[in-house]
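Q: Residue numbers (this note's numbering), protein chains in the order written: chain A, 558 to 1008; chain B, 558 to 1008; chain C, 558 to 1008; chain D, 558 to 1008.
Everything labelled a hint here was simulated from the structure, so no lab data went into it.
It should be emphasised that the depicted structure is a prediction, and the values quoted were computed from it without experimental measurement.
Just to be clear, a hint being listed does not mean it is correct.
All copies of an identical chain are treated as equivalent in the list; a pair is satisfied when it fits inside any one copy or across any two copies.
What the hints assert, rightly or not - Under the rule of at most 27 Å between Cα atoms (straight-line distance), these lysine-lysine pairs were calculated in the DSS-like manner:
| no. | residue 1 | residue 2 |
| --- | --- | --- |
| 1 | K706 | K967 |
| 2 | K902 | K682 |
| 3 | K920 | K902 |
| 4 | K674 | K617 |
| 5 | K605 | K678 |
Number of protein chains: 4
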Amino acid sequence: MRENMNEKCAVVGIFGHKEASKLAYFSLHALQHRGQEAAGISSADGHKVHTIKDRGLVMKVFNEENLRTLQGSTAVGHTRYSTAGDDSILDAQPVFARYDLGEMAIVHNGNLTNAEKVRNKLIEKGAIFQTFMDTENLIHLIAKSTKGKLLDRIIDAVERIEGAFSLLFLSRTKMFAMRDRHGFRPLSLGRLPNGGYIVASETCAFDLVGANFIRDVEPGELIVFEEGAAPQSIKIFKPTPKHCIFEYVYFARPDSSVFGQSVYETRKNMGKELARIEPVEADLVIPVPDGGVPAAIGYAQESGIPYEMGIMRNHYIGRTFIEPTQEMRDLKVKMKLSPMADIIKNKRIIVIDDSIVRGTTSKRIIRMLKEAGASEVHMRISSPPTTDPCYYGVDTPDKEKLIASNMSTKEICEFIEADSLTYLDEASLLRSVNATDESYCTACFTGKYIV
Amino acid sequence: MRENMNEKCAVVGIFGHKEASKLAYFSLHALQHRGQEAAGISSADGHKVHTIKDRGLVMKVFNEENLRTLQGSTAVGHTRYSTAGDDSILDAQPVFARYDLGEMAIVHNGNLTNAEKVRNKLIEKGAIFQTFMDTENLIHLIAKSTKGKLLDRIIDAVERIEGAFSLLFLSRTKMFAMRDRHGFRPLSLGRLPNGGYIVASETCAFDLVGANFIRDVEPGELIVFEEGAAPQSIKIFKPTPKHCIFEYVYFARPDSSVFGQSVYETRKNMGKELARIEPVEADLVIPVPDGGVPAAIGYAQESGIPYEMGIMRNHYIGRTFIEPTQEMRDLKVKMKLSPMADIIKNKRIIVIDDSIVRGTTSKRIIRMLKEAGASEVHMRISSPPTTDPCYYGVDTPDKEKLIASNMSTKEICEFIEADSLTYLDEASLLRSVNATDESYCTACFTGKYIV
Amino acid sequence: MRENMNEKCAVVGIFGHKEASKLAYFSLHALQHRGQEAAGISSADGHKVHTIKDRGLVMKVFNEENLRTLQGSTAVGHTRYSTAGDDSILDAQPVFARYDLGEMAIVHNGNLTNAEKVRNKLIEKGAIFQTFMDTENLIHLIAKSTKGKLLDRIIDAVERIEGAFSLLFLSRTKMFAMRDRHGFRPLSLGRLPNGGYIVASETCAFDLVGANFIRDVEPGELIVFEEGAAPQSIKIFKPTPKHCIFEYVYFARPDSSVFGQSVYETRKNMGKELARIEPVEADLVIPVPDGGVPAAIGYAQESGIPYEMGIMRNHYIGRTFIEPTQEMRDLKVKMKLSPMADIIKNKRIIVIDDSIVRGTTSKRIIRMLKEAGASEVHMRISSPPTTDPCYYGVDTPDKEKLIASNMSTKEICEFIEADSLTYLDEASLLRSVNATDESYCTACFTGKYIV
Amino acid sequence: MRENMNEKCAVVGIFGHKEASKLAYFSLHALQHRGQEAAGISSADGHKVHTIKDRGLVMKVFNEENLRTLQGSTAVGHTRYSTAGDDSILDAQPVFARYDLGEMAIVHNGNLTNAEKVRNKLIEKGAIFQTFMDTENLIHLIAKSTKGKLLDRIIDAVERIEGAFSLLFLSRTKMFAMRDRHGFRPLSLGRLPNGGYIVASETCAFDLVGANFIRDVEPGELIVFEEGAAPQSIKIFKPTPKHCIFEYVYFARPDSSVFGQSVYETRKNMGKELARIEPVEADLVIPVPDGGVPAAIGYAQESGIPYEMGIMRNHYIGRTFIEPTQEMRDLKVKMKLSPMADIIKNKRIIVIDDSIVRGTTSKRIIRMLKEAGASEVHMRISSPPTTDPCYYGVDTPDKEKLIASNMSTKEICEFIEADSLTYLDEASLLRSVNATDESYCTACFTGKYIV
């Protein structure tokens, strides 16, 4: 159960389907775990780009009536995470603009590392910025490009930005999908059942609308979707993959494939690798649901220690604003997670979670398990210590709030009151994802950022 | 009762009060008759410009919590009317921008007649437009101006725009109030009870916050508000007043003074003038509430015919989406207006309304009065026939939907099934507002637009 | 502007119309000024009684979908006022019950003075009470009556209750309308345009649905509506009318006729009578809107002093929960009422209101007028001093909170800071309503309650 | 994933805690899986019984403000399931009544089999019924009992009712907990951390508020809670246990203990038993989440076949009212459940679910798995075929809609398009719950109802 690192966004594009905006809508449902604070869709009908966006869940923002106004056979959609207090809290995507070539809408998953520099340069030249999203840079770059055609301008624009970006551009007649040279964030291409294409942050969106996975959009690749022609692939940048390994650790849905591999399988691998490190005698392996489930299954299979649902996740609650009574400790965790006292009483248990961010939730979970009668609680984390913030599209706390950047594993173990604590090491993590080269970004565990 | 011409906006600015955004909030309540579809406030605290805006009534958009985040001693606010189906339906003001001089927010009441031309020119030069509000032109013009200081850039910008504008600009430390050379839309200056200034579309906002009226911002005048200095007046344009006479006819609140005169008194004058035209023998003078009340009082005083509330306005209803039964005619009008059968039965009545736009409402009212027993219904309109659309900030139907642009008064009289119909003529209208020269815009009655 | 005495309810019954519940729905809209806290409708389709009720405005409680479930050609409806903190705050009507004769629903406007005694007796015999509405007594009395037929049981029941009641009973096939012997609360009978009947608290409901007034249900009369027969009138009690005179003073809508007379005309009469008492030299007569409007018109006609809308009522506001700033005095009144400064400045004005309950609102209004420049403010009240609470269906403050029960008129005048204060005396009030005998209840002015 | 049999209610009682209603509130959160359509709490402060109840989730019905009004150290709470179209859809509990001994509130989990007979008898004697809940019978029986004391009346009342009932009675000073002689529905007793008691439908409520399990309220037992005395146990009926075995199969939360045993362990036992029946060669065991998880874990442990999360439950969605496109089959299931294509592709899988009610959901799940590439799908159900409706407090479809009452297992297998289908047999089920005698009700599998 983690509340402190969050994928910032998801994107989806539909090309060549007469109910494009409806397919985008359902796809956003599937992608909503990547951002629940705002949602939006732009569609293009050949003549005009229509946009609806607002704060709130996908199902709140859209209804049968306003979806109907999003006409056309092409659509791009976006769901968005935002941090309270963030300047951009009210912003939503798609970003829409009228400019010299007509109308355009952009959706963006990622984070531009040179956003401020680019923005300042644009502002110097007289541009105005009306939102706090770095995506706004892109429409300026395209509008101000001296190239003639949109395609050339997009190329011009993406050559001026740095960082992580999985982008979809919508014009009145075309759609473009683009991924940065490192391929930080995932982006996959699929075929719709009756013709047409879908591009989405995760393949779980394909399953819901009945699309088939074709391949990932490649790092550095731009795909042009145009009526009457097959999608055209243009390699803008030489690919130097640095896939976000945290997608496997936590963000992506287990039923998705990202970066060419099953998320669920990869998580199971992490659990298996973890089982080989500092083994401990125990009666049960239990996950912190839902994040820890696949790794716990892998851990159990590898260690031979029985797997049990020792912690239940309660799905019926919403947020309560009622103050608990004095006696009610750790209510926030207990409203979501319940210990299975009958299973864990007097048992030595290994608890699997995907990561520890601030440590307070782990502490509460362990206390809850001990109060429920566990005789020993061994914490196993299916990723290395999270020591460094992310600059490539993930919302992370400041470095000083990351417990692993301030404490040793031993100290963390004491803080969370576990009987033992083991993290997965970087090498094992990379093995879990079948990394044969340096194609993954592990900066949040190592501080080694791509320059 | 009119539903077809609507003031598009109201603005308010507060300078030099530690609870500036709160005063802006209450002022917007008083100005909400000028636009109920969206509301917003930007405040400046010397370092940053904070903005909150959303669709909905003022009281829905703001709460104690979000108002608290609008810190600083300067604030500008806006309420907005929008037409369903309009491209700009989702837009709200203030328009905020980061640009080379920092941050700025603008609120605008009016309509720029050269907006498209200016926008196209800006777009040619690489500008992007993210909203459908002509106000967006202004921030571009300011950002792109080659002048160094904001003041000079504002002057530069307003020199490039045409049409009607009462504008407030907010920077991190200053506020600017500007009115077009014709002074189409009202804008008044007041002093706050404990120091500080207020600028607002109508003086009714002053009353609510306890401010005192100083004077109108003059046509063509720019007032600069800066800490530690008295407001500085700069005459940008030679004033050639063309005040919107419809403010007196309908838009402004009767407790406001606009263009230097009491709205209520002016409306009473219209009623008195009307009484002198084609007098008719009648038992009662009754207003269509609320718009017709002051003119009806004036008409009664002048004619000596007793004034009565022959039609009641029902305040308790909201919109109902329930379909009426077959027998229930004219429900939409009847939900809002009820005839006082006991008063009007067998009476010859003179009904005073401020204007006739499409004619259908008048027809329903007259039918309702006749069904309630009126023996004669003489319609008297306290303005000339509305024949032409407005391009200066009022939302009007297309010319072909304006009944007076397609029918003679006699035909209208037949259409609405009145026993007689008289409009106020232009000369009488101008007398009512004490016009001594050509200082009023009467284009909606005459089609004579300012070039 | 009064916030302290409130009509507790309104009822409506529709008989013999295939869209009975829809007509009830629209009628409740017209009657909503008599209670805005809850609404409900029961319909009968010959086999079953269907009920929907909830807290909130009529338009919030009902929608096209749930109205459709209220099938049948008979329906009774209710709107309800409730006081925060009142035990019955969650209760809504109709009161529905299954009992030995089948199913029944009751709506009630009034107050039973022997409710507690009756309830205690019923409880002694084993009855249970599930709500805090005295109406619940009635269903018990009917259910427990030893008579065989519903009609006889209703007669049996109403003979055991005392106080004020305008009641509608709905069985699966019939409707019954009943009014107490004093006829405290109004109840009128009308004919629907295409056949069928309507019974409602006020005739304004008739106008909205196109019904024609036939006559009042008489004090002590029971009317039986049954298919295939004309409404049958049964005189249960010898009528001894004591109509609530406050209906004329304040509660009823001016476009209604109650107790056989036009409410508006009666209010005008009060104004005329008032003009004859302690006349004062003044420049203007102005009403406190909306309550004081008809009396002010009457006062002006009688006195010859010009009538003006010196106070405007602001219709655009809702409740704001934002705390005003220190300088903003009397905000609560000012949000609703604005002084027309240009009209009242330096004028001696006579202000007409319908009543003074606690005195604080009057004080704020007078202060507001003086701050707006009135040189003299003479308060004239179109009813006698309200000295005593009502036990017949009106929500009144406790006697000690009624300013007139604690202060002389002179003291009240000083308290509200008026230059003079005059109430209408009881004799003049009775003349205004054309009372030729003792057929009105004036207990709230005299303390003389019917025993 | 089941949508067709639903526990009707949950109850909770708190005695002897100064924040009794707050503890009841949090307990209802934990019990909300037993009913999400309405919620309510009554509290007693020695003088009065206070009640708040409404439709909607617990967190919607209550807020800090209205909880504060529920004063006193005793409280009873209720959450409620209701079927759309049901007459009682608007009803909520607690049922409150004023009666000859004062005030009382009742909450009820169960179903009275002689409700109609009792009600008719009560109605014959003049009782009225204002709701459609059989619980209303009880307050009548208590009110009409000829006994003097409440305790004796409760005994008198429960002796007249038949069926399933776990009841809590609240008077102004006492609380009573009662369970029917068969103990159909669970009811457990616990001790609050700082003194005081809790009685709740499931022990998961204890965990949230920090209470310790003492024991179950026994079948036929009445426990009296009174200040200054230990809880007093009275055996009203000779216990003849017939615990609802479906609580183990599906209703109860896995972290609860009901009828003296861990729900989770019991479900695992069912899985183990199931693994011994008609074993099949397969690659994976996967649960239909969440219901099938514990049984699948048991099945995997017993069979040695690897356990995998082959179906993911999507927690982010809400209800969507948007119509899918033509190509989107089985959307309703797919919005909630996603197949893990990478895991199940080309695999022979055993799918574990807790029961099959109508068969349509199972059919969709199997189709989804096959489309995702499963080579064989063997359905295993951890309970016997559901052939008969429940009359003891569970909402079940009519017998003709239960697929197993109309088809043989072979036919069902064909209908759902599984490669094989096996149900748990009754003997194995009873073994799973350690039944040593006939202490369980299995009527929904056998049609053998207690007479």
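Q: Hint by hint, say whether it matches the structure.
A: Verification of the supplied hints:
1. K706 <-> K967: So K706 and K967 fail the 27 Å test inside a copy (58 Å) and across (59 Å) alike.
2. K902 <-> K682: neither (68 Å within a copy, 55 Å between copies)
3. K920 <-> K902: within (18 Å within a copy, 39 Å between copies)
4. K674 <-> K617: neither (36 Å within a copy, 38 Å between copies)
5. K605 <-> K678: Between copies only: 20 Å across chains, 30 Å inside a chain, cut-off 27 Å.
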